[in-house]
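K.L.:
Take the sequence shown: its letter number 133 is residue 409 in our numbering, and every next letter is one higher.
Any given hint could turn out to be false.
Simulated restraints on C-beta separations [claimed, not checked]:
#1 R365 x K401: 51 to 57 Å
#2 W653 x G577: 33 to 39 Å
#3 E568 x D662: 25 to 31 Å
#4 T640 x R404: 49 to 55 Å
#5 Q673 x Q518: 31 to 37 Å
#6 D561 x M707: 58 to 64 Å
#7 G446 x P470: 31 to 37 Å
#8 R365 x A313: 16 to 22 Å
#9 D561 x K633: 18 to 24 Å
#10 S613 x P649: 22 to 28 Å
#11 N461 x W369: 20 to 26 Å
#12 A337 x C458: 29 to 35 Å
#13 E657 x D561: 46 to 52 Å
#14 K401 x A499: 48 to 54 Å
I should point out that these hints are in silico values taken from the structure, not numbers from a laboratory. C-beta: ideal position from N, C-alpha, C; glycine also.
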Amino acid sequence: MGANYSLSSSHHTTTEPVLPDSNHCERTADFVRWSLAQLQINFRESPGLLRVQLPEFDHSAFDGQAEIELTLDKPNDQETQESLDWNSRFGLWLCKRLLAGAPALHLRPHEQPNAVKDISEPLLKAYRVDGGNVHLGGCQLTDYPFLRLSFAVNDNGDCSLRHFFVALDGSSVSDKLAKELCFSNLERIEKLPPRIDSTTLDTMIATGLRTAAKMSTVRDPSAVVVDPVLVSLIWVKRASSQIQFTIGDATTTLSFSGWAKLLRAQPYIAAHSGASTFHLAATDDGRIDAHEQISTCQQSGQRVLLQELVTCSVTQKKVMAEHTQICPVSGQPALHSEFSTCNVCKQSVSKGVLETKICKACHTLVKIKKDDPRLVWILGEHAGLDRWGHWQFAETQHVYIAQASSFLKRLLVVVDKESLAICHMATASRMSSDWLPVSEVDAAELLMP
Numbered sequence: 277m278g279a280n281y282s283l284s285s286s287h288h289t290t291t292e293p294v295l296p297d298s299n300h301c302e303r304t305a306d307f308v309r310w311s312l313a314q315l316q317i318n319f320r321e322s323p324g325l326l327r328v329q330l331p332e333f334d335h336s337a338f339d340g341q342a343e344i345e346l347t348l349d350k351p352n353d354q355e356t357q358e359s360l361d362w363n364s365r366f367g368l369w370l371c372k373r374l375l376a377g378a379p380a381l382h383l384r385p386h387e388q389p390n391a392v393k394d395i396s397e398p399l400l401k402a403y404r405v406d407g408g409n410v411h412l413g414g415c416q417l418t419d420y421p422f423l424r425l426s427f428a429v430n431d432n433g434d435c436s437l438r439h440f441f442v443a444l445d446g447s448s449v450s451d452k453l454a455k456e457l458c459f460s461n462l463e464r465i466e467k468l469p470p471r472i473d474s475t476t477l478d479t480m481i482a483t484g485l486r487t488a489a490k491m492s493t494v495r496d497p498s499a500v501v502v503d504p505v506l507v508s509l510i511w512v513k514r515a516s517s518q519i520q521f522t523i524g525d526a527t528t529t530l531s532f533s534g535w536a537k538l539l540r541a542q543p544y545i546a547a548h549s550g551a552s553t554f555h556l557a558a559t560d561d562g563r564i565d566a567h568e569q570i571s572t573c574q575q576s577g578q579r580v581l582l583q584e585l586v587t588c589s590v591t592q593k594k595v596m597a598e599h600t601q602i603c604p605v606s607g608q609p610a611l612h613s614e615f616s617t618c619n620v621c622k623q624s625v626s627k628g629v630l631e632t633k634i635c636k637a638c639h640t641l642v643k644i645k646k647d648d649p650r651l652v653w654i655l656g657e658h659a660g661l662d663r664w665g666h667w668q669f670a671e672t673q674h675v676y677i678a679q680a681s682s683f684l685k686r687l688l689v690v691v692d693k694e695s696l697a698i699c700h701m702a703t704a705s706r707m708s709s710d711w712l713p714v715s716e717v718d719a720a721e722l723l724m725p
């Protein structure tokens, strides 16, 4: 774009076009150095001067001169020296050479990844897969354009360019994003820049100029911005893909998208455990999950999810729930092999609640009155028991354990909590700790009203 705004000009009234505010400023001399380097034009520098060795095909632009001098720190006072004024011969020539016939200068961040391998290597290194592999599947790199409008500024003789960045949607680019995407370290795209149709570019420029005008210190809604010295398109790579983890026949993926330069490995969120991890493994039945969420059943040796293991309350082994059952006294799981029968209530209980072959429930009977609701239910179902007194009581998950006594005899009744059916009956003398099972005939007599 040709320059309609000179570094040496200044504005004194708000009726003239305004300059947008921006924190992205670059000294004109530095921009010239960068431009010449990008154009691969040699130059030498001495205090206050830049001597540019022109390519042969550029001699005609400067009256056949092979070398020109530029003043860097002050306005040129010699006719033989070129000016940094953007409306000068040198300024117009430099913009023309940078644009190379295009309506905008095509740039890209110097340090951004430009190939899939530049993304895949650092990403994939972050993951560890036990007994399997990880690879990138179907990665797509897309060029996304940002508009850079460069405005000339002359602040008391200090010449600089004020860069204003605009996104494709017309919004101004935050300083944070501009820094993250390295908009201060750009390089020219010499060959085959990404394509953009003229209508889209014209719309971006028009929208960008309106956005820039709003960012000026002049709060005039009708204000227009000065013409930029140079219009540039910064092409930033945006990546979208999936990371695929494979262990045996099992496969899972982690999708990602974002600016290629800002991509960082993200933890895999396991579908089964919900754990966040960079270290993946698989269960024996082929479920991929976080390594730390997979463990071995100490009973079967099978690798399963940690959440599928329970602790045996007797042996403290971590085992699959299918190898255990719940102790009706403790309410805790225990291995099937760690169950035994209580000598009193005859219930199958874990060995952890047995003491001298009697379960904790039978050891801890407490006295109750006949109006205890639980006893009322039992006596209502089995009226013959109402003849007994001095009741003691305990309960497990499945049964009531009730013990009564008379002058010479004791009675033990084990009753199912749901059906109130008698599970076990036994008697003992007041002077003996040995319980004798009650026969069916005797039980019928005891329960008879």
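K.L.:
Confirm or reject each hint.
P.N.:
Right, here's what the structure says about each hint:
1. Separated by about 53 Å at the C-beta atoms, R365 and K401 satisfy the suggested range of 51 to 57 Å.
2. For W653 and G577, the hinted distance range of 33 to 39 Å is not satisfied, since their beta carbons lie about 47 Å from each other.
3. Taken as a hint, the range 25 to 31 Å is violated for the pair E568 and D662, whose Cβ atoms sit roughly 60 Å apart.
4. Against the hinted window of 49 to 55 Å, the Cβ-Cβ separation of T640 and R404 comes to about 52 Å, which satisfies the hint.
5. The given range of 31 to 37 Å is broken by Q673 and Q518, whose C-beta atoms sit roughly 48 Å from each other.
6. For the hinted restraint 58 to 64 Å between D561 and M707, the CB-CB distance of approximately 59 Å keeps it satisfied.
7. At roughly 19 Å, the beta carbons of G446 and P470 sit outside the given window of 31 to 37 Å.
8. At roughly 21 Å, the beta carbons of R365 and A313 sit within the given window of 16 to 22 Å.
9. Between D561 and K633 the beta carbons are some 40 Å apart, a value that contradicts the proposed interval 18 to 24 Å.
10. For the pair S613 and P649, the beta carbons lie near 38 Å from each other, so the given range of 22 to 28 Å is not met.
11. At about 25 Å, the beta-carbon gap between N461 and W369 stays in the expected band of 20 to 26 Å.
12. A hinted range of 29 to 35 Å holds for the C-beta pair A337 and C458, which are about 32 Å apart.
13. As the Cβ distance of E657 to D561 is approximately 47 Å, the hint placing it in 46 to 52 Å holds.
14. At about 51 Å, the beta-carbon gap between K401 and A499 stays in the expected band of 48 to 54 Å.
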